[in-house]
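Place chain C with the ligands on chain U using the hints.
Order-wise, the sequence lines are chains U and C. Start counting the first sequence at 36; every next residue gets the next number (the numbering used here). Start counting the second sequence at 9; every next residue gets the next number (the numbering used here).
Please note that the accuracy of each hint is not assured.
[Claimed, not checked] Computed cross-link-like contacts, EDC-like style, restricted to lysine to aspartate or glutamate with a CA-CA straight-line distance of at most 16 Å:
hint : chain 1 : residue 1 : chain 2 : residue 2
1    : U       : Lys300    : U       : Glu330
2    : C       : Lys26     : U       : Glu336
3    : C       : Lys26     : U       : Glu161
4    : U       : Lys309    : U       : Glu330
5    : U       : Lys309    : U       : Glu319
6    : U       : Lys85     : U       : Asp115
7    : C       : Lys80     : C       : Glu68
8    : U       : Lys350    : U       : Asp220
9    : U       : Lys184    : C       : Glu72
10   : U       : Lys184    : C       : Glu161
11   : U       : Lys309    : U       : Glu344
12   : U       : Lys85     : U       : Glu58
[To be verified] Just a few of them, taken from the derived set where beta-carbon distance is under 8 Å, the chain U residues facing chain C:
hint : residue
13   : His49
14   : Phe117
15   : Arg121
16   : Ala150
17   : Gly151
18   : Ser152
19   : Pro153
20   : Thr156
21   : Tyr159
22   : Glu163
23   : Ser165
24   : Arg189
25   : Leu193
[Unchecked claim] So these bits of chain C aren't anywhere near chain U, every CB distance computed over 12 Å:
hint : residue
26   : Val12
27   : Ala16
28   : Arg41
29   : His45
30   : Gln56
31   : Tyr86
32   : Asp98
33   : Arg120
34   : Ile132
35   : Ile133
36   : Pro134
37   : Asp152
38   : Glu160
39   : Glu162
Bear in mind the hints are in silico, worked out from the structure with no lab data behind them. Quick reminder that beta carbons are idealized off the backbone N, C-alpha and C, glycines included.
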Amino acid sequence: MKWVACELHTHTFHSDGRQSLAELAAGAKNLGFDCIALTDHNTMTGLAGKEVIERETGLSIISGMEWTTFFGHMVTIGLDEFLDWRPVGPGDIHAGLSRVHERGGLAGMAHPFRAGSPMCTGCYWEFEISDWNDIDYIEVWSTTFAPVKNNNIRAFRLWTEKLNEGYRIAATSGRDWHHQDPTDDPLSVTYLQLEEGDAPITAKVVGALSASRASVTLGPLLNLEVTSRGTNYGIGSAVPGGRASGSTFVAAVSADFQVRKGHWKLEDQRYTLKLDSNKGILAEEIITSDAPRLEAEIPDEDLLWIRAELWGMVKGVRTIIAFTNAVYFD
Amino acid sequence: MKTVLVDAQGKVTPAGSKSHIAYRFFVPNAADRLGVHFTYGPKYLEDQEKAKLLIEQGIEAYFEAEYLEQAKARWQSYLPLQNLITVSVDAPDGHRGAAHRHDREQLHVLSRHEATPGLAQGEIIPGMWEVTLSLHAIVTDVCDYTLKVWLEEEGTR
Ligand SMILES: [Zn+2]
Ligand SMILES: [Zn+2]
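Pulled out of the complex, with its shape left as it was, chain U reads as follows (with noise of 0.2 Å):
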């Protein structure tokens, strides 16, 4: 499996964002992203002429729109025809989510808790949710510089309480990018982690999307891995139950500094690596840059879930620089 870095969440002109396709494509791959979903509100016909631009930049481009209702704005990816949005009111949104489902797409939350009607229309979450398994995944982090945000930082405890409720649900971010222009905000990726193969691209990044194969940083990749009982597991799989009480597992982090070298920028700092789970911090390490790693030997006690976190300064705040997305507890 390879780890691709994307952005799921973009405009171009053919609804509300200043720019063709391939001005995006090309200032996506500027940044170092190997992928992008184009997410037009309510219209996919900026994705024409997408495998041209795809052969050009040497970037992958998904297909996607943003259902831009009144009632909240839902990312879909992975499909190739307009679902219509209009005939789904605040209680029907499961309706909706089930085409998209049957259609072999996934639907995220966008920006659930950013400022709504008539500030921003439609742009928080009102739909109703009566099961949580229809989510596949939430824009956690959304636009620039965003875990310092007030509405990201709920949307991340909101996913945090999901999975404490024992859904698996996908955390990613999204730049929500519309224009080209320039910004000194450090920039989010979801780095996904593809199945290798001839699989088209598409269904290579709802795999992974789907079973929560994400990482999500402003910089350096976070990777998570628990070893129970000999087998070592990954972000967004799940170690089998049936184990022994009191057994322990070891859980190993490590962050890529390496990774879209000279894109992103962190003053030399001592970061914090904690492990994070429904029970807590389960541990933590003061690092630096050169031995970006931990490892802890685990109880294995009423887990659900486990991410890594990566802790730090960006721009004189401390914040959260990285999340994994969370290995489960069967």
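Just chain C with the ligands now, with coordinates in the frame of chain U:
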């Protein structure tokens, strides 16, 4: 030759926020081009007192208690409040796209060979078509709109 199929004016108020107005019309014969011209206005809520009130109501709904005061102090960062109506088009054989953007005047053209951004090119086939106005937000007391839809034959532009 230009055949007008819809020529409508309307008024909507904040009560119409989060609703759709669909114009369903008959295209009697295959044509080279379908034109849609849509305008609405006013675009902005100029009344600052009213804007402040709407923003404060929004903040009450969208922020957690501990951040309410902080957000309300920055209410002006949400200005200007604006009306947003978007246009989408459906042909008898399926959806033909949407133009989700803020322009208060929009001219859209669809044909076999071309379409304005957000809309999909395709044959202008006979049957019942639909242009939908989606009222994402109406913040002014009244918002007027005009909608014109017509068919065109080659060489008449
Ligand atoms: Zn959105
Ligand atoms: Zn968006």
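Hint check:
Annotation: proposed proximity of Lys300 (chain U) to Glu330 (chain U) is violated, straight-line Cα distance about 26 Å (limit 16 Å). For the suggested pair Lys26 (chain C) and Glu336 (chain U), the alpha carbons sit about 48 Å apart, so the restraint of at most 16 Å is broken. In summary, the hint linking Lys26 (chain C) to Glu161 (chain U) is supported, as the alpha carbons are separated by about 13 Å, within the 16 Å threshold. Using a Cα cut-off of 16 Å, the hinted pair Lys309 (chain U) and Glu330 (chain U) holds, with the two alpha carbons roughly 10 Å apart.
Proximity of Lys309 (chain U) to Glu319 (chain U) is assessed by CA-CA distance (about 4 Å); at most 16 Å being required, the pair is judged to hold. For the hint linking Lys85 (chain U) to Asp115 (chain U), the alpha-carbon distance of about 12 Å falls within 16 Å, and the restraint holds. For a cut-off of 16 Å, the pair hint linking Lys80 (chain C) to Glu68 (chain C) stands: about 9 Å separates their Cα positions. Of the pairs offered as hints, the one joining Lys350 (chain U) and Asp220 (chain U) holds, with about 9 Å between alpha carbons and a cut-off of 16 Å not exceeded.
In summary, the hint linking Lys184 (chain U) to Glu72 (chain C) is supported, as the alpha carbons are separated by about 13 Å, within the 16 Å threshold. Distance restraint check for Lys184 (chain U) and Glu161 (chain C): the Cα-Cα separation of roughly 53 Å exceeds the 16 Å cut-off, and the hinted pair is therefore not satisfied. Simply put, Lys309 (chain U) and Glu344 (chain U) have alpha-carbon atoms about 5 Å apart, close enough for the 16 Å limit, and the pair holds. Our distance criterion of 16 Å between C-alpha atoms is met by Lys85 (chain U) and Glu58 (chain U), whose separation comes to about 12 Å.
The interface hint given for His49 (chain U) holds, since its Cβ lies 5 Å from the closest Cβ of chain C, which is under the 8 Å cut-off. Nearest Cβ of chain C to the Cβ of Phe117 (chain U): about 5 Å, under the 8 Å cut. The hint holds. Satisfaction of the interface hint for Arg121 (chain U) is found here, the shortest Cβ-Cβ separation to chain C being roughly 6 Å, below the 8 Å cut-off. A distance limit of 8 Å between C-beta atoms decides the matter here; for Ala150 (chain U) the minimum to chain C is near 5 Å, and the interface restraint holds.
Interface hint status for Gly151 (chain U): upheld, as the beta-carbon distance to the closest one in chain C is roughly 6 Å, under 8 Å. Annotation: interface hint on Ser152 (chain U) holds; nearest CB of chain C at approximately 5 Å, less than 8 Å. The closest approach between the C-beta of Pro153 (chain U) and any C-beta of chain C is roughly 4 Å, which is under the 8 Å cut-off, so the hint is satisfied. The beta carbon of Thr156 (chain U) is positioned within 8 Å of a beta carbon in chain C (closest approach about 4 Å), and the interface hint is therefore held.
Proximity of Tyr159 (chain U) to chain C holds as hinted, the smallest CB-CB distance being about 5 Å (cut-off 8 Å). Interface hint status for Glu163 (chain U): violated, as the beta-carbon distance to the closest one in chain C is roughly 15 Å, over 8 Å. This hint is violated: Ser165 (chain U) has a C-beta 21 Å from the nearest C-beta of chain C, more than the 8 Å allowed. Annotation: Arg189 (chain U) was flagged as interfacial toward chain C, and the flag holds, the nearest CB pair being 7 Å apart, inside 8 Å.
Evaluation of the Leu193 (chain U) hint against chain C yields a violated restraint, the C-beta minimum of about 12 Å exceeding 8 Å. Separation of Val12 (chain C) from chain U is adequate, the least Cβ-Cβ distance of about 25 Å exceeding the 12 Å criterion. No beta-carbon of chain U comes within 12 Å of the beta-carbon of Ala16 (chain C); the shortest separation is about 19 Å. Distance to chain U confirms Arg41 (chain C) as a non-interface residue, since its nearest Cβ pair spans about 17 Å, more than 12 Å.
Listed as outside the interface, His45 (chain C) is consistent with that label: its C-beta sits roughly 19 Å from the nearest C-beta of chain U, beyond the 12 Å cut-off. Every CB of chain U lies more than 12 Å from the CB of Gln56 (chain C), the least distance being 14 Å, so the non-interface label holds. Its beta-carbon lying about 4 Å from the closest one in chain U, Tyr86 (chain C) breaks the requirement of being farther than 12 Å from that chain. Not every CB of chain U lies more than 12 Å from the CB of Asp98 (chain C), the least distance being 9 Å, so the non-interface label is violated.
Listed as outside the interface, Arg120 (chain C) is consistent with that label: its C-beta sits roughly 14 Å from the nearest C-beta of chain U, beyond the 12 Å cut-off. Non-interface status of Ile132 (chain C) relative to chain U is upheld: no Cβ of that chain comes within 12 Å, the nearest being about 17 Å off. Non-interface call for Ile133 (chain C) relative to chain U: holds, since the shortest CB-CB distance, roughly 18 Å, exceeds 12 Å. Even its closest Cβ contact with chain U, about 22 Å, leaves Pro134 (chain C) beyond 12 Å, as expected for a residue assigned away from the interface.
Under the 12 Å C-beta cut-off, the non-interface status given to Asp152 (chain C) relative to chain U holds; the minimum distance is some 18 Å. Chain U leaves Glu160 (chain C) outside its interface by the beta-carbon criterion, the shortest separation being 21 Å against a cut-off of 12 Å. Consistency note on Glu162 (chain C): stated as away from chain U, and its beta-carbon is indeed over 12 Å from all of that chain's, at 23 Å minimum.
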